[in-house]
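Q: Top to bottom, those sequences are chains A and B.
Heads up: the first sequence runs through residues 1 to 171, numbered per the numbering used here.
Heads up: the second sequence runs through residues 1001 to 1101, numbered per the numbering used here.
Among these hints, one or two may not hold up.
[Stated by the list, open to error] Here's a subset of chain B near chain A, in silico, CB distances under 8 Å, partners left out:
{"hint": "1", "residue": "ILE1005"}
{"hint": "2", "residue": "LEU1024"}
{"hint": "3", "residue": "THR1025"}
{"hint": "4", "residue": "ILE1036"}
{"hint": "5", "residue": "MET1039"}
{"hint": "6", "residue": "LEU1045"}
{"hint": "7", "residue": "ALA1049"}
{"hint": "8", "residue": "SER1057"}
{"hint": "9", "residue": "VAL1069"}
{"hint": "10", "residue": "ALA1070"}
{"hint": "11", "residue": "ALA1072"}
{"hint": "12", "residue": "ALA1075"}
{"hint": "13", "residue": "VAL1076"}
{"hint": "14", "residue": "ALA1083"}
{"hint": "15", "residue": "VAL1091"}
Source of the hints: derived by calculation from the structure; they are not laboratory data.
For every residue, glycine included, the Cβ atom is placed at its ideal position computed from N, Cα and C.
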Amino acid sequence: MNLEIIFFIVFGSVAAISSVLMITRNNAVIAALYLILNFASLAGLYLTLNAQFIAVAQVIVYAGAIMVLFLFVIMLLRPENEKKFLEANSKVKVFAFVIAGFVFLQLMYIIFFSRPSNIIAKNLNASVEAGTIESIGYILFKDYVLPFEAAGFLLLAATIGALILGKKKIN
Amino acid sequence: MTITIEYYLILSAFMFIVGVAGVLTRRNAIIVFMCIELMLNSANLTLVAFSSYLGSSVGQLFVFFVMTVAAAEAAVGLAIIIAIFRNKLTVNIDDINILKW
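Using the sequences plus the hints, can you model the full thing?
A: Structure representation (C-alpha cells):
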C-alpha cells in the first residue's frame, strides 16, 4: 500500500462523490461549492500523476477564476428553486439515466476490451520529466507557438464578446 | 496492487456520465453549464493520465489549451445567460425556447 494508491483512492472517491452530490442539489450555490471540491480533488489526482503545472493551473484557473465567475452569476441572478420539476417529470429523468448508463457501458466495454495497461507501463522518470513546467514550456514555445497565439486571440474575442453581451439590453 | 491507467479511465468515464445525466435532468441553465464544465474536466483527466503514463508532455499541453477554451466559454456563456435573464427574468431552460419552431 504505497502513497500513490492511497492518494488515488482518497482523491478519486472525493471527486466521484462530489460530482454526484453536485447534480443532485437543488440549491445552485451548494452545487457550485461541490463542483469546486471536485476540481480541487482533480488537482490532487493531477499531482498523483506527476503533472505539477497542470495541477497548479487547475486550482488557479478552474477552482479560482471560473468558479468565482459562476458563483458571482448565481448570486446575481438568484435562480428559482427547481424542486417542482425534479418531482414532476420522472419520465425525462428515467430517459436521461438510461442514456447515461448506455454511454457508461460503452466506455467500460472500450476500456476493458482494449486494455491499455498491457501496452502502456508507467516509466516514473519520464512521467516526472513530462510534468515539469520546463518541458511543457519548451514544447509550447517550440512546436505549438501558433496554437498559443490562437488561444490568445480566442481569449481576446471572448472578452469582447462578453462585454458586448453584458453591456446593454438586447432587443 | 499498482494503479494502472484503467483506474483513471474508469473514474473519468464515471465523471463524464454524471455530467451527461446532469445536463439531461437539470433545468437550471447555470447548473447545466456547470455539468458541461464537469464533462470537460473528465476529458482533461483522461488526457493527463495518458500523458503521464506515456511520459510525453503533449497531453498536458493540450489540457492547457482546453482550460483556455473553457475559460472563454464560461465568460461568453455566462454573459449570454445574464442577457437572457434580463429579457425573460428566468434561467429555466424549459421557458427559454425562442429558437424552437
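Q: Now tell me, hint by hint, if it's right for this structure.
A: Hints, verified against the model:
Because the closest C-beta pair between B/ILE1005 and chain A is about 5 Å apart, less than 8 Å, the hint holds. For B/LEU1024, the shortest C-beta to C-beta distance to chain A is roughly 3 Å, which falls under 8 Å, so the interface hint holds. Checking B/THR1025 against chain A: minimum C-beta separation of about 5 Å stays under 8 Å; hint holds. Annotation: interface hint on B/ILE1036 violated; nearest CB of chain A at approximately 11 Å, more than 8 Å.
With a cut of 8 Å, the hint placing B/MET1039 at the interface with chain A is violated, because the nearest CB-to-CB distance is about 10 Å. Hint status for B/LEU1045: holds, given a least beta-carbon distance of 6 Å to chain A, under 8 Å. The beta carbon of B/ALA1049 is positioned within 8 Å of a beta carbon in chain A (closest approach about 6 Å), and the interface hint is therefore held. The interface hint given for B/SER1057 holds, since its Cβ lies 5 Å from the closest Cβ of chain A, which is under the 8 Å cut-off.
The closest approach between the C-beta of B/VAL1069 and any C-beta of chain A is roughly 7 Å, which is under the 8 Å cut-off, so the hint is satisfied. Interface restraint check: B/ALA1070 against chain A, minimum CB-CB distance 7 Å, threshold 8 Å, status holds. Using the Cβ-Cβ criterion of 8 Å, the hint placing B/ALA1072 at the interface with chain A is satisfied: the shortest such distance is roughly 3 Å. Taking 8 Å as the C-beta cut-off, the interface hint given for B/ALA1075 holds, the closest approach to chain A being about 4 Å.
Restraint check, B/VAL1076 versus chain A: the minimum CB separation of about 5 Å is within 8 Å; hint holds. Below 8 Å, beta-carbon pairs count as interface contacts, and B/ALA1083 has one with chain A at about 5 Å; its hint therefore holds. With its C-beta approaching chain A no nearer than about 5 Å, B/VAL1091 sits inside the 8 Å limit, and its interface hint holds.
In the structure shown, a violation is registered for the earlier hints numbered 4, 5, in ascending order.
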